[in-house]
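Protein chains: 4
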Amino acid sequence: MSGSIYGNLFQISTWGESHGKGIGVVVDGCPAGLVLTEDMIQSYLNRRKPGQTKFATQRSENDSVEILSGTFEQKTTGTPISMVVMNTNQRSGDYNEIASYFRPGHADYTFHQKYGFRDYRGGGRSSGRETIGRVAAGAVAKAILNQLGIEVCAYTKSIGDIPIDYKKCNKDNILVSPLAMPDLDASEKAEKFLESKMQEMDSAGGVIECIITGIPAGVGEPVFEKLDANLGKAILSIGAVKGIEFGSGFSAPLSTGSTNNDSFQYDNGKVLKLSNHAGGILGGMSDGSEIVFRAAIKPTPSIAKSQKTVTMAGENIDISIKGRHDPIIVPRAVVVVESMAAITLVDMLFMSMTSKMSNIIKFFN
Amino acid sequence: MSGSIYGNLFQISTWGESHGKGIGVVVDGCPAGLVLTEDMIQSYLNRRKPGQTKFATQRSENDSVEILSGTFEQKTTGTPISMVVMNTNQRSGDYNEIASYFRPGHADYTFHQKYGFRDYRGGGRSSGRETIGRVAAGAVAKAILNQLGIEVCAYTKSIGDIPIDYKKCNKDNILVSPLAMPDLDASEKAEKFLESKMQEMDSAGGVIECIITGIPAGVGEPVFEKLDANLGKAILSIGAVKGIEFGSGFSAPLSTGSTNNDSFQYDNGKVLKLSNHAGGILGGMSDGSEIVFRAAIKPTPSIAKSQKTVTMAGENIDISIKGRHDPIIVPRAVVVVESMAAITLVDMLFMSMTSKMSNIIKFFN
Amino acid sequence: MSGSIYGNLFQISTWGESHGKGIGVVVDGCPAGLVLTEDMIQSYLNRRKPGQTKFATQRSENDSVEILSGTFEQKTTGTPISMVVMNTNQRSGDYNEIASYFRPGHADYTFHQKYGFRDYRGGGRSSGRETIGRVAAGAVAKAILNQLGIEVCAYTKSIGDIPIDYKKCNKDNILVSPLAMPDLDASEKAEKFLESKMQEMDSAGGVIECIITGIPAGVGEPVFEKLDANLGKAILSIGAVKGIEFGSGFSAPLSTGSTNNDSFQYDNGKVLKLSNHAGGILGGMSDGSEIVFRAAIKPTPSIAKSQKTVTMAGENIDISIKGRHDPIIVPRAVVVVESMAAITLVDMLFMSMTSKMSNIIKFFN
Amino acid sequence: MSGSIYGNLFQISTWGESHGKGIGVVVDGCPAGLVLTEDMIQSYLNRRKPGQTKFATQRSENDSVEILSGTFEQKTTGTPISMVVMNTNQRSGDYNEIASYFRPGHADYTFHQKYGFRDYRGGGRSSGRETIGRVAAGAVAKAILNQLGIEVCAYTKSIGDIPIDYKKCNKDNILVSPLAMPDLDASEKAEKFLESKMQEMDSAGGVIECIITGIPAGVGEPVFEKLDANLGKAILSIGAVKGIEFGSGFSAPLSTGSTNNDSFQYDNGKVLKLSNHAGGILGGMSDGSEIVFRAAIKPTPSIAKSQKTVTMAGENIDISIKGRHDPIIVPRAVVVVESMAAITLVDMLFMSMTSKMSNIIKFFN
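Chains as they are written, first to last, in the numbering used here: chain Z, 1 to 365; chain H, 1 to 365; chain S, 1 to 365; chain U, 1 to 365.
Treat the hints with caution; some may be incorrect.
Since the list gives no way to pick out one identical chain from another, each pair is judged satisfied if it fits inside one copy or across any two copies.
[Said to hold, decoys possible] With a straight-line cut-off of 30 Å between C-alpha atoms, the simulated DSSO-like cross-links for lysine-lysine are: (1) K54 / K171; (2) K21 / K356; (3) K362 / K305; (4) K75 / K362; (5) K167 / K192; (6) K362 / K270; (7) K75 / K21; (8) K75 / K322; (9) K21 / K322.
Quick caveat, the hints were computed from the structure, so don't treat them as lab data.
This one's a predicted model, so the numbers in the text were calculated from it and none came from an experiment.
With the hints as constraints, model all of the structure from the sequences given.
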């Protein structure tokens, strides 16, 4: 409950600061017998690694992961999987200045108020580097989901006021676009928009959409542990996320029951929905259709443009934040959203295994 | 973890079905010495009670609460507080028909898929009556917050596309408007809009806004147990909520860092923020300003208008849902939102008490 | 975490004081489709009901259970099962005196220190009546175990220094002996011993043994959630239990590795152990043989014999506790031990379902 | 819940196998501002390090700890503390043989049954090396307790049938005796006893006693989260522990209420107990006197003496376990018992902070 441990049956425990010795995660509750290699983890970490495009910080971290426990002959043993990425490119000097004031839009002030002091180097624990642990654990979760035919796919839905056009989308483009947009035309427009923001020494935000396919109906618990409630917590726990919506989301209030309800229909003996305003979740449980949600990501708070703030010594000052910062968080956050969704799904799939007495009897026989 | 228990240090355990014997909640972790009476609980339950306006179901439940344990001479003893509301106005006959098919927009189908069968009477556990337990527990949480000078206030921000006008708002109106709108002009417009929907045998949705004042800075844990993440889970666990956003929320992606960041400034020695796009939370911790969030509520799925669905026997049919249903969920959900926010705040306030060694030493001396 | 909620996947939430309105429990996480009736619960409650023998308090509570939620047409629905026993025979007058002093061996003093005041009527929440909720929940757990061919059987192993003789034991006698002893000769001796203690206005203690059969190998988690660790917590959470041991227990330290180790042997292709010093648990996981543990129960602290204690007003006094007290707790605690063991087993069986990837793949296909 | 994470507010997450890359722990929930250095951790690890006496395995691991996160300028920051000990002296060759059979008294068989296969090198996760994570986390817990004036002290109470004589005990001897016995005469006798067991190629067990001083009254929760229940779980989760008892423990059943009850008495205005059969805990809460418990440790299961067991290939065989094994586990387990007790105490102290409304109001003002 202390804040860096997440999950019930599939649990992750993350640690590490931006400018400490390293960043890591312990995954507890991964079933035995899953093929798991460092390469599998690395391929996800590479999607959030800095320095790959001009729209990401130019810090050149390798972010190489090492598995320290929990596998034997490339298979999980059922015991905790400890993974670590050592920090290599820490230029703490960049941050000496930060020690004396609170950056607007950052957690400097709240950390200081909560703990009495803070590790000011690069934001310490509130740095985006904290998500390395989430992505490494997410890679394990995705390996499990893969065995069950479940896919989690996130991408940039819009940057600023530039949305993707679903007609032009192609899943393969997500890894091609430097902004993780499946529509390359929109990506190009957004790149230009970002370049103008960078020239203005400013930053931008955007929306990430995530689609989950292959989830059987009935996953999620009906009251407090609703699937959407847990996905909501998971995604809102990612820094910079300011909102989440499922299916028709914030347009649902503008609709009516007759329009917003999704009709059911039999199709070759299977129950289908004729629309998906629900976003694949009814009453907190998956309904067998695609799960769809969107997360609102705020503009990067670290900007070179002048801002007003206060020093710890009691002065009002103007600052201009130097250092190597992302002009936009969205593209690198896409894999973090996927990871948190995957971790949550595995946990809730496991929790759903005890819903029916008949299944339990079958399991133990 | 099984779904009807919520919280870490301040825990609630709810139970009960729409047409069972009653609905209740056990609150575990309420500190000793808090004045608590049935009247205090009842006043909150009355705000969600049906049959009070024409925009709510005409079922006439009394919803009288009884405290069965945990208090002695009108003060809490530190032991579990069991509260129960017996069901009195169950007309199960209304629901016999429902047994044979799955209502669109409801949890009938997902319950059936998860559990193999379901208590079809009035939706059973997925009924809105489930929230009685939340509101009773919320009343306890609010009594605690009241002692700490913290207030949680929710209201209807919009119905359909009719928003309130902040210039015309008055907090007292929330209890005056049948739609819980602090702007009575907007309320009147919305009432007419709802009447038209009712004539069309259709339903409507809306947005609830919640403002929390008096929270000290530093409440919330920095990684997975962020204050916004937990409030998000709490609110998304309420049936019919399709989205949540904090501060600038889904408009943040349209902004830039220089605009969206809230500058800090000293004012008589106190740190203030010059704006509140963050909604009072930075890095998952309260920043000392007002916490602001909004929840999107979908239109009531139970409508008299004809809809397509499927029977359990394998047929495609057209249905028209009879019974006494709310044309809109929003006004009665306002107190549920307040309750879930209050419960979550108490829990996170308690969790925050161990953040500093100096505080702990002082506490035990 | 607050203390009256227990379990991870099969969770129970108990409430109620000795002299409040009632005692109850909410069971969350019971799978759907289990046959469950009030009669099934009542038969377990009857085993702990007072007033049945001269060795139990003569208070004549009926302890009639009512199921308020979670079943439909006599089957569990997967939603919380709320069960309540209303208090009927409260003679609070008996306890007025207690309000002013702290009874030795009771929780009066610690309750007062923890909460600042206490519900002094009959011990309030620390009364043995608190175990009603455990036994009702235990009945649900036993119904689940019964479907899986698992049996939990507890009995009195000794009273004072009078042990049972295994050669004379018969399981049916457990319900015949007023002291829950399977050896009726020992029971008779113990009855005489207890009569002498009662004449001396004193009380006695004893040991309860519990045997669990039918548990498959591999239940329990290897590090902190060991099966014996969780059974230990469950049993030590019962008031008056001062110790627990598994298998050879406190004689193991007097043995040697060569004697204490249980050899394995194939018998018709199945792995058997040639002895069971381990008590059926190796490395925290069930080994497929019988699980055996013993709990030490202290003598009833409420005695009529004169004792020294202190008043809340600051005086040293001599007291003699009146009221209707059990001269021994052991016989009525037997079903409580069974219940806590059963609840723990169900929880750990459910947790063990995700240990192997191959099982999970099979489950979801 | 998955087994390698422990605690509610002060949480530890351990990982690592005997012959993997290393062993570690993440401590989440340590308050900010605590002085913490690697030397402080190392001094505890040195107490469980192998190769120091002839009664411990001759493997020469350095067991050097490194702190990877959570401190800044030698003080904790409130964020997770990751600590690691890399494995250096792995002679996996010793264990090749073990791969083919199940060692009696070990978890080989249960691991195999649970997970389908196992990391057989040195017992993998079920190795005693797993306790390194517990001891490192225990050092953090002890640093916290130290600030609160609370001391946890464990020692060997008996080896085989050789007990210490309290009249001859001196706390300083615990670190002098190779067997962690505070009575050096008993230690000498026990050393000779162990030498004889080693010559017989056999092993021995013993009892560890633990005394906790300085705990205020009222720590522990009255029902399931009793202080003794949680200490019980903590200690029983240590491999080789077969039983635990508090205060008079397994002798309580042989006593009577009048003898076993501890009378209260005022002494200079403070409430004292005239005896401590309760072991410092009444109704699951600390009563302000010393907490006393004892744990029964079984003889080391790894012995060179011939034993019968089975191979995975289906044969019954005789084995003689080679390698460098402890003839007794007790002396090295003493610091593990201290650690688990300290971790549990910190957690329950933190949980107890919300028991009274008056304290909470004071805290937030």
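Handout entry: Violated hints, by number in ascending order, as checked against the structure
Key = 3
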